[in-house]
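Chemist: These protein sequence lines map, in sequence, to chains A, B, C and D.
Last residue of the first sequence: number 102 in my numbering, and the count goes up by one each step with no gaps.
Last residue of the second sequence: number 754 in my numbering, and the count goes up by one each step with no gaps.
Last residue of the third sequence: number 1243 in my numbering, and the count goes up by one each step with no gaps.
Last residue of the fourth sequence: number 1448 in my numbering, and the count goes up by one each step with no gaps.
Hints are computed from structural coordinates only; laboratory data are not their basis.
Yeah, the Cβ is synthetic: ideal placement off N, Cα and C, and Gly gets one too.
Careful, some of the hints might be misleading.
[As the list claims (entries may be wrong)] Calculated pairs, DSS-like style, for lysine-lysine (alpha carbon to alpha carbon, straight line, at most 27 Å):
(1) B/Lys132 / C/Lys1124
(2) C/Lys915 / C/Lys1118
(3) B/Lys132 / B/Lys313
(4) C/Lys1110 / C/Lys1205
(5) C/Lys1124 / B/Lys268
(6) B/Lys268 / B/Lys313
(7) B/Lys630 / B/Lys485
(8) B/Lys630 / B/Lys421
(9) B/Lys421 / B/Lys268
(10) C/Lys915 / B/Lys267
(11) B/Lys132 / C/Lys1205
(12) B/Lys421 / B/Lys267
(13) C/Lys915 / C/Lys1110
(14) C/Lys1110 / C/Lys1124
(15) B/Lys267 / C/Lys1205
(16) B/Lys268 / C/Lys1118
(17) C/Lys1205 / C/Lys1124
(18) B/Lys267 / C/Lys1110
(19) B/Lys268 / C/Lys915
[Stated by the list, open to error] Some chain B residues flagged as far from chain C (calculated, every beta-carbon gap over 10 Å):
(20) Ile140
(21) Gly472
(22) Phe649
(23) Phe677
[Stated by the list, open to error] Over 10 Å on every C-beta distance to chain C, these chain B residues come out as not near it, computed from the model:
(24) Ser325
(25) Thr417
(26) Ile578
(27) Pro637
(28) Ala675
Single-letter residue listing:
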Amino acid sequence: MNGLDGYLTISALLFAVGLYGVLTRRNAIALLMGVELMINAANINFLAFWRCLYFNSSEPQIFVLIGITIAAAEAAIGLALILNVYRDFGNIEVSHINELNG
Amino acid sequence: MTGFIHWLAWIPLLPLCAAIITGVMALARKSERAAPFITIAATLISLFISAAVLARFLGGTTQNHLEVSFHWLQAGRFSINLGVDLTHLAALMAVLVGLVSSLVQIYSIGYMHGDGGYGRYFAYLALFTASMLGLVVANNLFQLYVCWELVGICSYLLIGFWFHKKSAADAAKKAFVVTRFGDVGFMLGVLILSSFTGSFSYNQVEQTLSKVAIGAIQPPFFSPATFLAVAALLLFAGAVGKSAQFPLHIWLPDAMEGPTPVSALIHAATMVAAGVYMVARLYPIFLLSSFALGVIAWIGAITAFIAATIAIVQTDIKKVLAYSTVSQLGYMMIGLGVGGYVAGVFHLATHAMFKALLFLAAGSVIHAMGTNDLREMGGLHRKMPITSLTCLAGILALAGFPGFAGFWSKDEVLGVALSNGQTLIFVIGVLSAGITAFYSLRLWLMAFSGRPRSASAEHAHEAPAVMTIPLIILAIGALFGGLMNFPHPFIGSLLNPAEHEQINLVAMGLSTAVGLTGLAWAWLLYAKPEMAQDPVERMPVSLYRTFANLWGVDAFFTNGVARWALNIGRMVAWFDRHVVDGAVNGAAWMCGASGRTLRRFTNGQAQFYAAVMIVAILLAVWLVLGAMQPPNLTAAAPTRWAVTTTLGGRAR
Amino acid sequence: MSFLNQNILTWIVLSPFIAALLLIITPPNRGALIRWIALLGAGLTLPLSILVAILYNRQQGGFQFQRDVPWINSLGIQYHVGVDGISVVLVLLTAIIITAGVFASWRVQNRTKEFLALLLFLVSGVFGVFVSLDLFFFFLFYEIAVLPMYLLIGIWGTGRKEYSAMKLTLYLLFGSAFILVGILSLYFVSPQHTFDLLTLQRSGRFSYAFQRIIFLAFYIGFGILAGIWPLHTWSPDGHASAPTAVSMLHAGVLMKLGAYGILRVGVGLLPGGAHTWAFLMGAIATINILYGAFSAMGQTDFKYVVAYSSVSHMGVVMLGIASLNPVGVNGAVMQMFSHGIMTGLFFAVVGLVYEKSHTRDILKMGGFAKRMPGVAVAMTIGGLASFGLPATSGFIAEFMVFWGMWHTFPVLAALSVIGIVLTAVYVLRILQKIFLGPFTEQYHDLADAQKTEWVAITALAALLILVGVMPSPLVNLIRLGLHGFHLNI
Amino acid sequence: MGQSLQSVALMGLGAVVLLSGVLVVQSRNLVHAGYWLLPCFLGVAGLYGLLDASFFFAVQIMLYAGAILVLILFALMLTRDVMNPHIPQNNRWTIPAAVLCLVVGILLVYSVGHSENPSPSAPFHYDITRQIGEALIGKYVLPFEAATLLLLAALVGAVVLARTDRNLPDTAQTAGIASDQGLGMPSPVVEKSSSDPNEIRQEHP
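Construct the entire structure; sequences and hints are all you get.
Modeler: See the structure below:
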């Protein structure tokens, strides 16, 4: 587990776990948690590549920064939406919010 | 003399104009009474012109034919000019047709008196005469085919004249469809000959074919011999259909549904002879292929024999005569088939005479009695002496009683058959001659001798003058018809002056002997006043049954071919509606069905969508990997690696 | 003279169009006025087309009465109209059929205004196709000719009209997709990027492979309209459910559009393709003839019998075109003309019989000749022409087609000749089942044709005989039109 | 020392992160799931530290652990009464989802394993925060502004969405109830306005 491989493996597994969370959780908020994990995994990747390969350029950092901003914004909006859904539907069970079916 | 040429065109055109005029009158239902006079006048004038031409030929002028033709259609290599070409044969036939047609029309005035479609009847008759003359005088294959079909449709219209009778309408349809079978072959023949030789006119076709015969030109696809045989036999196919030869003879007996004068004109003398005339007119083509002649002879022999046997057991007077016509046509075909060109044509001429006579006589009997059934007739001799005597003349001519017309022509045919070495055909011919003698005398005796067997036979009365005069004229023709070719061979000299057949005494002796035995046997069986049961039925049952159901040919066609064709029709209609249409509707249904299945995928579950997205990404990555990496990195590698690592081993 | 010479074709195309527009603005309750406007609009085309036929000077030949107005220069589209021998004959046919059609639809009661307007739109589309020499306009008029069919059958039809209307339109649009592909590919591959037929014909040397594929596209596209075998099922349904005038136009003229398209665009511009696919076309045509005849035999509905007979006769037309021989193609155009008149007559008779006896099931009919002698005679003449009896136009056309086909594919010609027996069988079958035989009492109130109805059937029947007896004027006219094509002699 | 310590630290932090991630995803009680997020974020922050990204170490702790986690916990608290720990928190398709994630994980790890990646280079002595600052103001000012706009939009959106006294036509009736309660959050027994009311009945414990 030297250097970059290690980081990438960790981020990959974290991404997989986050994905599992998104796909299986009943509760919308838990789903959001899964999404947060996936974003963190992505940030780890960026920084790992930055540290090992492109440490003189600051582009990866900008990416990570933007990533985190997006995560924050997304969490805020997501939770607001969830609360709204909660008020309308009375529950935030993902499988019950299926008004948009064919 | 040249002025005379322009008159030739009027031979077919005059009756045509008469037909059009009377047709319009019939449609407009006005002055139908005048219709017969117009048509008879037209026919008589055209008869006069053709007789004048015939007289000139008999007068021994060097000219062997008079021809006039005009350009009708031009489309690239396809050029047609219609015309009139009166060779000796054509002139003879034109006179014959004109004579018989006018006599029949005169006769019909009496016969059709008071019938609903009076004008329409004469219009059809005139149209028939016009197209028959057009056929006779034609100088090219195209006009021959055109008139051939017109004659067919006239026979359809005339057989189905009383169209409100279902049997008449069926008979008309049957007649037309069966002759149409023959016409398919005829058209193919015309197509082959005209496209190969590049023109329709007879002499051009004959010249080119003679070159083919001597191998100067190589026909496509076939070898010369087969090409000539195929072309000749295809033309003959048309004759088989039109002249009711075996196996397409089934329509002629049913054609008796039409008025009797129609049967006399069309189904005895003229139209059915068209096939024989066509073979005679195009004889140089047939001469080039001995195989074709052989086939013609054999078909003629079979037809003669079968039709004769069937005629024995018929009880309807017109059916007997119909089968006798089929049999006599067989004789003419034998004549032409064995190379006796003059004999065939001579028999055609005499047959036209006495068969028309017999039909008209039968017509006057039916007119008087109101029924065709021989079993209800009997003892009419005293009631209708003229009809009886003229009918006797016709019967003896048909039977080939020495001295009468039939005797000379039939013997000449059999003589040529014997002298040209066709002994088997000769034997069949003689045998049929005997049978012909038997059934002809049987007819006369059942109708005229003995005691009347029914009320209507009791008070039958003689036909009016307008009907008996044509009978008498034709009876004279039947009596002295033989003079046409014996002792001085007028027809022989006319048709091909070169060879003079000498009478083959052996053939004449044999056929006369057999004919007389036939007559005697009929006399023995039928010349009794009382006749409880038709003596013919005492014949061995199996024989009687085969003759009675017309040797199964008719059955084969009606419930065999006809039903089979109709079934195919229904099957194809079903196939079209369910399979071809089904495919179209199926396609429409499939769109709907695929729409419905895909709809189930959008089920509103966000997580399901996420999963589908991930799978799609995986597939895309795998494809890209597959495409980018060298082939060894197939899907197997990652899975193998995954399995080994998860089980603890190291992949590398 | 030059004014007439220049604009006569545009007048022929536009006069029904204008009449249709006029109809739209006339109040619906003025029945008589509507009918007269329609008759005027349609009838005007008859004298004009006869004039065109007479004034077409035989020595010069080629395309005459040309009118070339640039429309969209950037795309190379012009309004370019002109007629050669073939188009003159077909324009004449269309004029005859539409006039007879308007007479035959004198009795249409509900919404006659819209019916006649749509009918006139349709016919102006057909005229447009026969005269236009610009592929763009060719396709435009082609669509105008096809689309009103949906409404005409869907609203005024009988039986399963919606189904048939939908099927017909979808089928034809499916076909026109192929045609559009063909036209656009011609446009892009031709060096000058033009839609003009003449320049394409003169200069367009397309590669052999290109010709083969694009000809196939045209063959399928136009073939659908011409009713080639596997793709023909729309036409019987379409005919059976369409009202009389519409089926007269449909079978009489619309199906000829398909054949004309294959001839003018397919064989005209892509001779290489035509020669490669000639045998396929011939084989399908033979199937058409025999298949159509057999299925006509199996039908029990009068209109379906006539519909399948059209499929069979269009087979003869396609056979003529497949022969690629001057006589064969000439015969094909003659057959188009004669079949157009013949089917027009058939459908007029069917309309009359249906109107008076309210049934089309031939098993229930019988002996109508006693009460309708005039109609019976007209039907008999039509029947005789349909199985190619000499002295009717059907014969000369079929004979030339068989003669021409004999030079290219004798086997197919021999098979197709059998068709004349089958046609005779089913024609005589319906003649006997409907008109001959004992009179069926339940139709006691049958009456013969009235005054206006007489016009349509007598004119068409007389024409059949006239062309049969004297075909040379038409044949010479068509021969002039054939110079442009590369046919094998 | 550095190398082995480095890898040991990496292993440890990795284990922490992954373990807490699994627990976040698996635990029945959502609040526990929320709590397990904290070690996960801190583990990630540690990784950043290992990668000498000190600025991000700080940002991670402050923002993720501080802001987002708290936000999530708030949301959990607000919708707390709906959850019932008895029924399993995962929906029906756990097995197929698990297989799918396994495949994704393995594929990623496989591709990592099979590409030769350099190990982290010599010790790193840059002042990373200055570098980012200059980059943000200098070359990458546009992304910076975009990020700010994004946050603004998110903020305003969240406020609008979460507002209670909106008088939307279809939720008039709920707004009425909510207003008198003052809390802005509807009581659990509220009449659901959407299509299938009976659904809610059976869900409630």
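Chemist: Each hint needs a verdict: does it hold in this structure or not?
Modeler: A quick look at each hint next to the structure:
For the suggested pair B/Lys132 and C/Lys1124, the alpha carbons sit about 18 Å apart, so the restraint of at most 27 Å is met. For the proposed pair C/Lys915 and C/Lys1118, the alpha carbon gap of about 23 Å is at most 27 Å, so the pair holds. At roughly 57 Å between alpha-carbon atoms, B/Lys132 and B/Lys313 are farther apart than 27 Å, so this suggested pair is violated. Distance check on the hinted pair: C/Lys1110 and C/Lys1205 sit about 15 Å apart at the alpha-carbon level, within 27 Å; holds.
The hinted pair formed by C/Lys1124 and B/Lys268 meets the criterion: a straight-line CA distance of about 13 Å does not exceed 27 Å. Straight-line distance between C-alpha atoms of B/Lys268 and B/Lys313 comes to about 52 Å, which puts the hinted pair past the 27 Å bound. A distance of roughly 18 Å separates the Cα atoms of B/Lys630 and B/Lys485; the hinted pair therefore holds under the 27 Å criterion. Between the alpha carbons of B/Lys630 and B/Lys421 the distance comes to roughly 23 Å, so the proposed pair stays at or under 27 Å and holds.
For the hint pairing B/Lys421 with B/Lys268, the CA-to-CA distance comes to about 18 Å; that is within 27 Å, so the pair holds. For the hint pairing C/Lys915 with B/Lys267, the CA-to-CA distance comes to about 38 Å; that exceeds 27 Å, so the pair is violated. This hinted pair checks out: B/Lys132 and C/Lys1205 have alpha carbons roughly 20 Å apart, not beyond 27 Å. A hinted pair counts as satisfied when its Cα atoms are at most 27 Å apart, and B/Lys421 with B/Lys267 qualifies at roughly 18 Å.
Distance restraint check for C/Lys915 and C/Lys1110: the Cα-Cα separation of roughly 21 Å lies within the 27 Å cut-off, and the hinted pair is therefore satisfied. This hinted pair checks out: C/Lys1110 and C/Lys1124 have alpha carbons roughly 14 Å apart, not beyond 27 Å. Pair hint B/Lys267 plus C/Lys1205 does not hold up; C-alpha atoms about 30 Å apart against a cutoff of 27 Å. Using a Cα cut-off of 27 Å, the hinted pair B/Lys268 and C/Lys1118 holds, with the two alpha carbons roughly 15 Å apart.
At most 27 Å may separate the alpha-carbon atoms for a hinted pair to count; C/Lys1205 and C/Lys1124 meet this at roughly 19 Å. Straight-line distance between C-alpha atoms of B/Lys267 and C/Lys1110 comes to about 23 Å, which keeps the hinted pair within the 27 Å bound. Distance hint between B/Lys268 and C/Lys915 is unfulfilled; the C-alpha atoms sit about 36 Å from each other, more than 27 Å. Every beta carbon of chain C lies more than 10 Å from that of B/Ile140, the smallest distance being close to 20 Å; the non-interface claim holds.
At the 10 Å boundary, the C-beta of B/Gly472 stays outside the reach of chain C, the nearest C-beta of that chain being 21 Å off. Taking the minimum C-beta to C-beta distance to chain C, about 30 Å, the non-interface status of B/Phe649 holds against the 10 Å cut. A beta-carbon of chain C is positioned within 10 Å of the beta-carbon of B/Phe677; the least distance is around 8 Å. No Cβ of chain C approaches the Cβ of B/Ser325 within 10 Å, the least distance being about 16 Å, so the stated non-interface status holds.
The non-interface label for B/Thr417 is consistent with chain C: the shortest C-beta to C-beta separation is roughly 26 Å, beyond 10 Å. Even its closest Cβ contact with chain C, about 37 Å, leaves B/Ile578 beyond 10 Å, as expected for a residue assigned away from the interface. For B/Pro637, the requirement that its beta carbon stay farther than 10 Å from each beta carbon of chain C is met, with the minimum near 38 Å. A cut-off of 10 Å between C-beta atoms contradicts the statement that B/Ala675 is not in contact with chain C; the least separation is 3 Å.
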